[in-house]
Structures are given as C-alpha cells and as structure tokens.
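Just so we're aligned, residue 1 is where the sequence shown starts under this note's numbering, counting upward by one.
Heads up, some of the hints might be wrong.
[Said to hold, decoys possible] Listed next, the in silico DSS-like pairs over lysine-lysine satisfying Cα-Cα at most 27 angstroms (straight line):
no., residue 1, residue 2
1, 889, 834
2, 775, 709
3, 887, 834
4, 240, 60
5, 889, 30
6, 60, 30
7, 628, 775
8, 709, 628
9, 240, 270
[Stated by the list, open to error] The following label-pair restraints were derived from C-beta to C-beta distances:
no., residue 1, residue 2, range
10, 495, 381, 22 to 28 angstroms
11, 694, 774, 34 to 40 angstroms
12, 522, 473, 53 to 59 angstroms
13, 514, 371, 55 to 61 angstroms
Treat the hints as calculated values from the structure; they're not laboratory data. Virtual Cβ for every residue (Gly too), placed ideally from N, Cα, C.
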Amino acid sequence: MGLATAFASTSLALTPAERALAEEGAESVKLNVLFIGAHPDDEAGTLATLGQWGEFHDMKVGVITATRGEGGGNAVGLEEGPDLGLIREAEERDAVGLAGIKHVYNLDALDFYYTASAPLSRQVWGGDELLGRIVRVVRATRPEVIVTMNPSAVEGNHGNHQQAAMYALEAYLQAGDPSAFPEHLEEGFAAWTPRRILRSGANGSGANGPDGVAGGYSPAITSDLVFGAWDGTPSQVHGKRWSQIKDEAIWTYVTQGWAERTGSPSDPAKIATTWMTLLHTRTPLADPTSGGEAALRGATLPIDGGLPLGTLLEVIPDRYEFVAEEPLAVRVSITAPTGQDLPAGTVALEVPAGWSSSGGQSMPALAAGRSHVLTFDVTVESSVDPGATARIVATLTAGSSTGTSSAPVRAAGALETSIEPLEEIREFRDWTERLDLRHLDALVPELFAIGQGRSRDLGIVVRNYSNRARAGRVEIRVPEGFSAEPPTFKTGTVPAGGTAEHTVVITNTNEGVPTANRAENGGSWPVELLTSVDGASAHRTATMNLVPSRVIVRAEPSPHIDGIRGENEYPGEPIPVETIWDGAGTKGGTTESVSAQSWLTFDDENLYVFLSVADDVRGTILPIDDNKRQRRTDSVEIYVDPRGTAANTAQTFIAGIMPSMGSMIGPPGVGRDRDNHQGIAEETAPGMEVAVTMADTADAYAGYDLEVKIPFDVLPDAIDPAHMGFNILINDSDTQNQVAQVRVGWSTFAGVRADPWRWGQVALDGLDDAGSDPKDAVLPSTAARSVDSPLSILQSAGDRVPLGGHSPTDPHLEITSVERKKDRITAILQSPVKGTATVLIWDGDSVLAELERTMPAGERRVNLRVPDLSAIIAEREVDVLASFEAKGKVSAAAQRLT
1 MGLATAFAST
11 SLALTPAERA
21 LAEEGAESVK
31 LNVLFIGAHP
41 DDEAGTLATL
51 GQWGEFHDMK
61 VGVITATRGE
71 GGGNAVGLEE
81 GPDLGLIREA
91 EERDAVGLAG
101 IKHVYNLDAL
111 DFYYTASAPL
121 SRQVWGGDEL
131 LGRIVRVVRA
141 TRPEVIVTMN
151 PSAVEGNHGN
161 HQQAAMYALE
171 AYLQAGDPSA
181 FPEHLEEGFA
191 AWTPRRILRS
201 GANGSGANGP
211 DGVAGGYSPA
221 ITSDLVFGAW
231 DGTPSQVHGK
241 RWSQIKDEAI
251 WTYVTQGWAE
261 RTGSPSDPAK
271 IATTWMTLLH
281 TRTPLADPTS
291 GGEAALRGAT
301 LPIDGGLPLG
311 TLLEVIPDRY
321 EFVAEEPLAV
331 RVSITAPTGQ
341 DLPAGTVALE
351 VPAGWSSSGG
361 QSMPALAAGR
371 SHVLTFDVTV
381 ESSVDPGATA
391 RIVATLTAGS
401 STGTSSAPVR
411 AAGALETSIE
421 PLEEIREFRD
431 WTERLDLRHL
441 DALVPELFAI
451 GQGRSRDLGI
461 VVRNYSNRAR
471 AGRVEIRVPE
481 GFSAEPPTFK
491 TGTVPAGGTA
501 EHTVVITNTN
511 EGVPTANRAE
521 NGGSWPVELL
531 TSVDGASAHR
541 TATMNLVPSR
551 VIVRAEPSPH
561 IDGIRGENEY
571 PGEPIPVETI
581 WDGAGTKGGT
591 TESVSAQSWL
601 TFDDENLYVF
611 LSVADDVRGT
621 ILPIDDNKRQ
631 RRTDSVEIYV
641 DPRGTAANTA
651 QTFIAGIMPS
661 MGSMIGPPGV
671 GRDRDNHQGI
681 AEETAPGMEV
691 AVTMADTADA
701 YAGYDLEVKI
711 PFDVLPDAID
721 PAHMGFNILI
731 NDSDTQNQVA
741 QVRVGWSTFA
751 GVRADPWRWG
761 QVALDGLDDA
771 GSDPKDAVLP
781 STAARSVDSP
791 LSILQSAGDR
801 VPLGGHSPTD
811 PHLEITSVER
821 KKDRITAILQ
831 SPVKGTATVL
841 IWDGDSVLAE
851 LERTMPAGER
861 RVNLRVPDLS
871 AIIAEREVDV
881 LASFEAKGKV
891 SAAAQRLT
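My request is simple: use the sequences and hints to build the entire structure.
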C-alpha cells in the first residue's frame with residue numbers, strides 16, 4: 001500500500017497550527033514542556049493537563065514519540081506496518097492538536113510487538129543511537145520540563161513504555177553535558193539542561209473533583225512527591241471542560257479502538273485528577289497542593305515570593321540508602337540565574353522525624369550564573385525502621401526570597417537480604433545505580449515462581465549498605481504449604497558496600513495450594529526475608545507465584561491431526577483452561593461464557609495439543625486476509641518456553657489460532673505473535689498443523705475442538721524435558737466489535753502474556769534433552785519513517801528540528817521555486833550533497849502525487865502530475881513537500897502551491 005492509500009483511509013486534516021509552521025518560515029522552536037513516550041497515544045492521559053498549561057499559562061508543549069505504533073492493532077482497517085504507522089501519526093497529531101500541541105516528533109524507532117521487556121526494547125531500538133536522537137530533539141527544542149512514562153520495572157509496565165521513560169531520564173541528565181553526543185554541538189545544537197522531569201501517573205491515592213489537588217496525594221512510597229491538575233477545569237477557548245476535550249482527543253485514536261471509550265463523568269466531583277510524580281528536579285519546588293500548574297512552578301513558571309526564576313537549587317545526597325548512626329553527606333547546590341545576581345543568604349536542611357542534620361549554613365552572594373555548594377552531615381537514628389523512605393528538604397533564603405527543593409532518601413539496614421532478581425529487574429537496578437537514581441527502584445517487587453509440587457533453587461543476595469564489614473543471620477519465612485531449606489543461615493562477613501550470595505531450596509510441599517490467581521491472594525505468596533546484625537534487623541518481602549505443573553506422557557502412536565480426540569491419542573488427565581485472568585467477572589474464578597479442557601502430548605519430533613472449548617456465543621468472523629492479533633475475537637493462544645528460562649517472549653514460541661475465518665466454516669487463522677518469529681504460520685512455523693471441528697448443537701453454536709501439531713524444529717530452542725514452560729489462554733468475544741470480553745487460561749496472572757517465568761511448568765516424561773541451541777529472534781524490520789511522512793516533513797520544514805531526530809544535512813534541502821501549469825507541478829530543489837529526495841504533493845488529508853529521485857549536489861528539477869489539480873486547489877490548500885537523506889543525515893522543505 002502506498003502513502004496516498006494510507007492517508008486516504010483517514011479523515012484527519014492538518015491542523016491550522018501545523019499549516020502555519022510552513023507559512024511562518026523555518027524558525028527554531030522553543031518549548032517549555034516536552035512529553036516523551038513510546039507510541040502515538042501514550043500522551044493521551046495527560047492531554048487535559050498539557051492543554052491547560054498551554055491555555056492558562058502560555059506553555060508551549062511538544063511530544064516525542066519513539067515509534068509510530070506500526071506494530072500495534074488496527075480496529076478500523078487492514079493497514080499494518082508502515083502504512084498503519086503513518087495513520088497513527090495522523091491520529092496523534094489530530095488528538096494533541098485539540099490540546100493546542102503542534103510540535104510532534106516521531107523518532108522512527110521500530111514498534112515490534114507487545115513486550116514487558118525494557119532490555120529487549122532497548123536492543124531493538126538501537127541502544128544509545130535512539131537516545132542520541134532524543135537528546136538532539138531536547139537540545140533543539142530546549143524544554144524546561146520533561147514529562148514521561150513510568151521508568152520503573154514494576155509488574156505490568158509495558159517494556160516500550162518503560163524504556164522510553166528510561167531514555168527520557170538519560171536525556172534529562174545528558175542533554176546539558178557538552179561531552180555527551182558532542183556531534184550535536186557541531187550540528188549547531190547547544191547543550192541544554194532541562195530543569196525538571198516528572199512521570200505521568202502516581203502510586204497511591206488522591207481525590208477527584210475540583211478540590212482534589214488542594215487535598216493532596218497520599219503516595220504509596222512516602223518519599224514520592226506528586227503533583228496534580230484537575231481535568232474538569234473549564235476551557236475559555238473551547239467553551240467546555242478540559243475533561244471533554246480530553247475525551248475527544250482519546251476518541252481520535254480510532255485504530256486503537258478508543259472511539260468506543262466511555263466519556264468522562266458530567267458530575268464535577270467525579271471528574272478525574274491527572275497526577276504526576278516528580279522523578280528529579282534541579283530547581284525550587286512549589287507546594288503540590290497550590291494549583292494545577294504547581295508542577296511547573298520554579299522550573300518554567302515563577303513561584304510567588306520565591307527565588308528568581310532560573311535559580312537552580314538541588315539537593316544531592318551522597319547515597320540514597322542511609323544506615324543508622326552512620327552519617328552521610330548531603331550537598332546543596334545553588335546557581336544564580338543567568339543575567340541576575342543572587343544576594344547572600346542562608347540554607348537550612350529539614351529532615352524527617354528520627355533523622356538529624358548539621359546546622360544551617362550561610363551562602364555568599366552569587367553573581368549571575370555562578371554556583372556554590374554547601375555540605376551537610378545527615379544521620380538516621382536507629383529508631384527508624386529500615387526500609388522507611390522520606391525526603392530531605394533544603395530551604396534557601398536569599399534577601400527577601402525563599403525557595404525549597406528536596407531529594408528522596410531511605411533508611412537501610414546495615415545488611416539487607418533480597419532474592420536473585422529476574423534478569424530484567426537486575427538490569428533495571430544496575431541502570432538506577434549507574435545513573436544515581438536508586439529511588440526509582442522503590443516500587444519494584446521481588447518476584448519469583450515455583451511449580452506446583454516442585455522444588456527450586458532460589459538465589460539469595462545479602463547486601464552491606466554500611467561503611468564497614470558486617471556479619472549477620474538470615475531467616476527465610478515461607479507460607480504454609482511451602483518450605484525453605486535451610487530456613488536460616490549465617491551470612492559470613494560481607495565487606496562494606498559488597499554482597500554475599502547464598503542459595504536456599506524452596507519447595508511446594510502441599511499440592512493442594514491453589515495455583516496462579518486461583519488463590520485468595522491472587523497467587524502472590526509472601527516470602528519474608530529477615531536479616532539480623534548487631535542486635536538490629538531489616539525486613540524485606542519477596543513475592544512467590546505458584547504456577548501449575550504437570551507431567552506429560554508420550555503418545556503411542558502419535559496423534560492424527562483431524563480435530564477429533566481419538567482413543568489413546570492423548571494419555572493423561574486434562575489440563576483445565578477455565579480460570580479468568582482478564583475481563584469481566586471475578587479474576588481467579590470461572591465463567592459460564594467460556595471454558596475448556598486441554599491435553600498435551602509429544603513424540604520424538606513434535607508437540608501435540610488438543611483443546612475442547614465450550615463457548616456460548618460466537619465472536620467476530622474476521623476476513624481471511626486479517627489473520628493477526630487474535631485477541632479481537634474468539635481465539636486460542638498456545639505458549640511454549642522450550643527450556644523454561646526465557647527472559648522475554650522473543651525467546652519463546654506463541655501460536656495464535658482463530659477457529660474460523662472468512663466464513664462460519666472457513667479455515668482457521670494460524671500465526672505466531674509476540675515471539676521469536678512473528679507472522680503467519682505458513683512462513684514462520686513450517687510443518688505446524690491445525691484442525692478445528694465445530695461443536696454446534698442442533699440449535700446453536702456451542703464451541704469448538706482444536707488440535708495442533710507443533711514441530712520441535714520451529715521452536716526457538718531445544719526442549720528441556722524437565723522444565724518446559726507451557727500455557728494456554730483463550731480469548732472469548734461475545735460481540736461483533738472486535739474486542740474479547742473475557743480471557744481464561746491455565747496459568748493465570750496479570751501480565752502473564754509477557755512473562756514466560758509465570759507460565760505453567762511441564763515435564764515431558766521420557767524425552768531426551770538435546771541441550772540448548774537457541775535461535776536468534778526474527779523481528780519486524782520495517783518502521784514507518786519520517787522521510788516518508790508528509791506531516792513530519794511539514795513539521796521539520798517549519799521548525800528545523802531534524803526529521804526523526806536524525807542528524808541534519810548542512811545546509812538543508814531547499815525548494816527554490818514551484819510552478820504549476822494545468823495539472824503539472826514543476827519544483828526546483830537545491831540539494832546540499834548527493835542523496836535521495838522524496839517529493840510529495842499534499843492537500844492536508846492525502847498524498848496526491850509522490851516520487852523519489854536520486855539528487856546530485858546542487859539543483860534539480862522534478863515534475864509531478866495531479867489530475868484535476870485546478871479543482872483541488874480551488875477547494876483546499878496544497879503543499880509541495882520534500883524530504884532528503886544522505887548518509888544518515890536528513891532535511892526537509894515545504895512550499896505552498898498557489
């Protein structure tokens with residue numbers, strides 16, 4: 001599908017503001033606030049706040065979107081890949097335009113598929129290469145405040161979202177450092193230091209309604225500082241509440257199925273508050289309860305009675321963790337604003353109850369732009385429980401002005417015990433230590449899984465946070481039905497700042513304990529880790545997930561794939577696939593809407609799965625050419641982690657099967673999704689066979705039987721017959737709107753689709769282990785590109801922020817003249833070097849004509865023909881757009897056709 005077809009499928013016109021960019025000429029842009037996300041629509045939840053900041057406080061807001069979301073779903077058409085990405089970009093620009101945002105920067109990163117893995121996202125996105133492009137856009141647009149997503153490796157956090165936020169924090173820290181990406185300075189972009197970074201959302205509780213912000217927020221982590229803005233504020237420009245404008249923006253993301261979302265309440269008391277959590281600040285802070293713009297005060301808006309805007313005031317503890325009775329230094333850095341002196345003053349340090357600090361100190365007068373650092377000694381007393389978090393607050397009084405800033409800290413035990421983390425959590429923690437952002441780990445749980453009736457080795461890590469070598473004792477407390485061996489052990493001597501590693505064996509001793517989310521606690525079993533040293537103790541809790549487990553018997557003879565479970569084809573007891581893990585009803589319970597029994601067996605070359613599904617209503621029958629994203633209708637997902645050790649789904653096999661397509665009795669849709677080689681099964685899983693028989697009664701549809709053969713050689717690794725990961729999930733749709741209402745499965749936890757470690761565990765009795773032989777993941781290779789996007793080209797031509805954040809050509813491509821004769825357009829392009837130009841004729845809604853040409857350095861004439869051009873120009877404005885790329889460098893140009 002070409003660009004013209006892709007854009008013709010939308011009805012999204014270019015906003016007047018975007019058109020004005022080209023008319024105003026190429027001028028650099030100065031933003032105040034920049035949102036950084038992963039996909040078009042990630043900013044949607046913040047648009048009422050961002051719009052208010054623009055309307056009432058004259059804030060210029062922009063959005064960085066790492067990808068164009070071309071790997072996501074499409075609820076309104078068959079476009080996918082780059083064509084879908086360009087449509088989603090148009091949706092995003094239209095949506096944020098309702099909030100007054102006209103600067104949107106899509107950075108050409110690949111949107112591959114849903115994953116919970118930030119490391120996989122970073123790998124696919126090119127590591128520091130994408131970070132460099134984000135830093136380039138930050139330096140080009142110079143925002144004081146960055147807003148991003150949640151960077152922490154908490155359960156359920158989309159890996160793309162997490163990694164985009166991690167990039168945002170790295171860009172926040174590096175953009176002002178001239179030694180970071182020095183090539184940007186050679187390109188003409190100066191180093192720029194943002195003043196503050198926040199994440200959208202918060203953990204804890206806060207009220208909705210017009211008094212919600214004034215009432216404050218109660219964070220789950222005491223040291224979190226949370227700002228809010230009420231969505232229900234009336235807009236004078238729009239003549240309606242900002243909550244209604246936000247609804248209209250959300251409904252604009254039609255490809256994501258958001259057009260059917262319920263609107264905001266009309267009762268003001270029920271209208272939501274948008275909360276944002278402070279991640280870091282370099283400037284004085286306002287009281288979060290003082291108003292919907294408090295998050296901006298001190299960074300890009302002044303604080304009433306506060307220090308002069310532009311003053312930097314930063315609290316910098318030597319370390320996040322403080323051990324009782326061991327003083328640590330806390331530095332307070334003060335910088336006078338550019339162009340204004342700061343009079344002499346005093347700095348006082350305020351610490352929470354149970355903490356103490358050295359007395360206040362004097363600050364000398366500072367000339368404009370000059371800095372001064374004061375150092376305080378801070379001690380946490382032994383009465384403070386290890387694990388308690390707090391904020392240390394510095395107050396600077398200079399002349400008649402006062403300002404405060406703060407930083408999070410945590411009371412730590414001299415020795416603390418945790419479990420060996422999951423690979424992705426370990427990488428996240430390493431990242432927080434490298435960047436000195438340890439407080440971001442406060443929400444991250446300790447997680448591990450154990451199979452029903454099984455034992456496993458659990459790595460135990462004892463860490464010494466104190467300033468001298470320590471030795472202590474660890475006790476492991478497990479719930480009833482489990483055991484830990486040994487239950488206690490001595491740590492040995494752990495050096496200051498060092499760690500000691502131990503191993504305990506955890507066993508599920510009672511197979512009657514409910515698995516997965518069937519338990520009353522949702523499958524989250526607490527394992528307490530108590531560490532005693534020198535008469536003091538520290539307590540931490542790990543979360544254990546009990547996953548179902550089975551021994552699978554070999555088939556003799558091998559099953560025949562016909563959709564019928566023949567006698568002796570599938571020996572052993574069935575695996576129940578009936579527990580609700582997502583959707584209506586009580587999670588962990590069952591539903592009359594759908595249930596299933598499944599059987600698993602194997603021979604020397606294949607896995608075999610038989611599934612008998614009882615279903616009361618048939619969901620949407622999708623056309624044969626729409627064999628993808630099975631969660632839109634009745635479907636089955638089969639998950640295989642060959643060795644039971646996959647860190648993410650790129651190391652697994654996931655089959656998605658829709659029982660019928662094209663008609664009521666059409667062939668099943670079979671594909672692989674979010675795994676080692678995504679795509680239709682004919683291409684990605686040769687030799688895989690599927691047969692379906694419908695269980696229709698004389699009166700109505702009643703469900704289906706499904707039989708599958710999965711050859712071992714299509715799996716991403718050889719099977720470890722003692723520890724293979726396995727799961728089955730069923731999507732049940734009782735409507736025709738391409739949405740599954742209920743999902744049931746065998747191993748059922750929130751986020752289980754992306755967490756192989758929480759799948760069920762099976763042992764293939766009698767199969768030999770051939771040893772690990774992993775296959776590299778085959779990931780999508782085509783992302784939507786800015787050089788092909790008329791919206792991005794027009795943007796870049798107007799504000800000179802390079803397309804996709806890539807390095808710009810020097811000088812830029814120019815369109816020196818445009819002539820029209822009847823239906824033919826002649827444009828003269830001036831190219832800085834030899835490269836490739838893409839020229840588009842754009843009417844604000846669709847591409848009327850396009851061509852790609854190899855350009856010599858210098859001038860080149862190009863011709864395009866647009867049928868009925870005169871009639872088109874009489875009705876609407878038309879632009880000639882051109883993008884240019886040469887050896888990784890890009891530029892853009894635009895000229896209105898008259």
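Cross-check of the supplied hints:
1. Distance hint between residue 889 and residue 834 is fulfilled; the C-alpha atoms sit about 11 angstroms from each other, no more than 27 angstroms.
2. Straight-line distance between C-alpha atoms of residue 775 and residue 709 comes to about 20 angstroms, which keeps the hinted pair within the 27 angstroms bound.
3. Restraint check for residue 887 and residue 834: satisfied, since their Cα atoms lie roughly 9 angstroms apart, inside the 27 angstroms limit.
4. Restraint check for residue 240 and residue 60: the C-alpha separation of about 21 angstroms stays at or below 27 angstroms, so the hint holds.
5. The hinted pair formed by residue 889 and residue 30 meets the criterion: a straight-line CA distance of about 23 angstroms does not exceed 27 angstroms.
6. The suggested pairing of residue 60 with residue 30 holds, with an alpha-carbon distance near 8 angstroms, which does not exceed 27 angstroms.
7. Distance check on the hinted pair: residue 628 and residue 775 sit about 23 angstroms apart at the alpha-carbon level, within 27 angstroms; holds.
8. Distance restraint check for residue 709 and residue 628: the Cα-Cα separation of roughly 20 angstroms lies within the 27 angstroms cut-off, and the hinted pair is therefore satisfied.
9. For the suggested pair residue 240 and residue 270, the alpha carbons sit about 16 angstroms apart, so the restraint of at most 27 angstroms is met.
10. Under the hint 22 to 28 angstroms, the C-beta atoms of residue 495 and residue 381, about 25 angstroms apart, fit the expected range.
11. Separated by about 38 angstroms at the C-beta atoms, residue 694 and residue 774 satisfy the suggested range of 34 to 40 angstroms.
12. For residue 522 and residue 473, the Cβ-Cβ distance of about 32 angstroms falls outside the hinted range of 53 to 59 angstroms, so the restraint is violated.
13. Between residue 514 and residue 371 the C-beta distance comes to about 59 angstroms, which sits within the given range of 55 to 61 angstroms.
Checked against the numbered hints above, the structure violates only hint 12.
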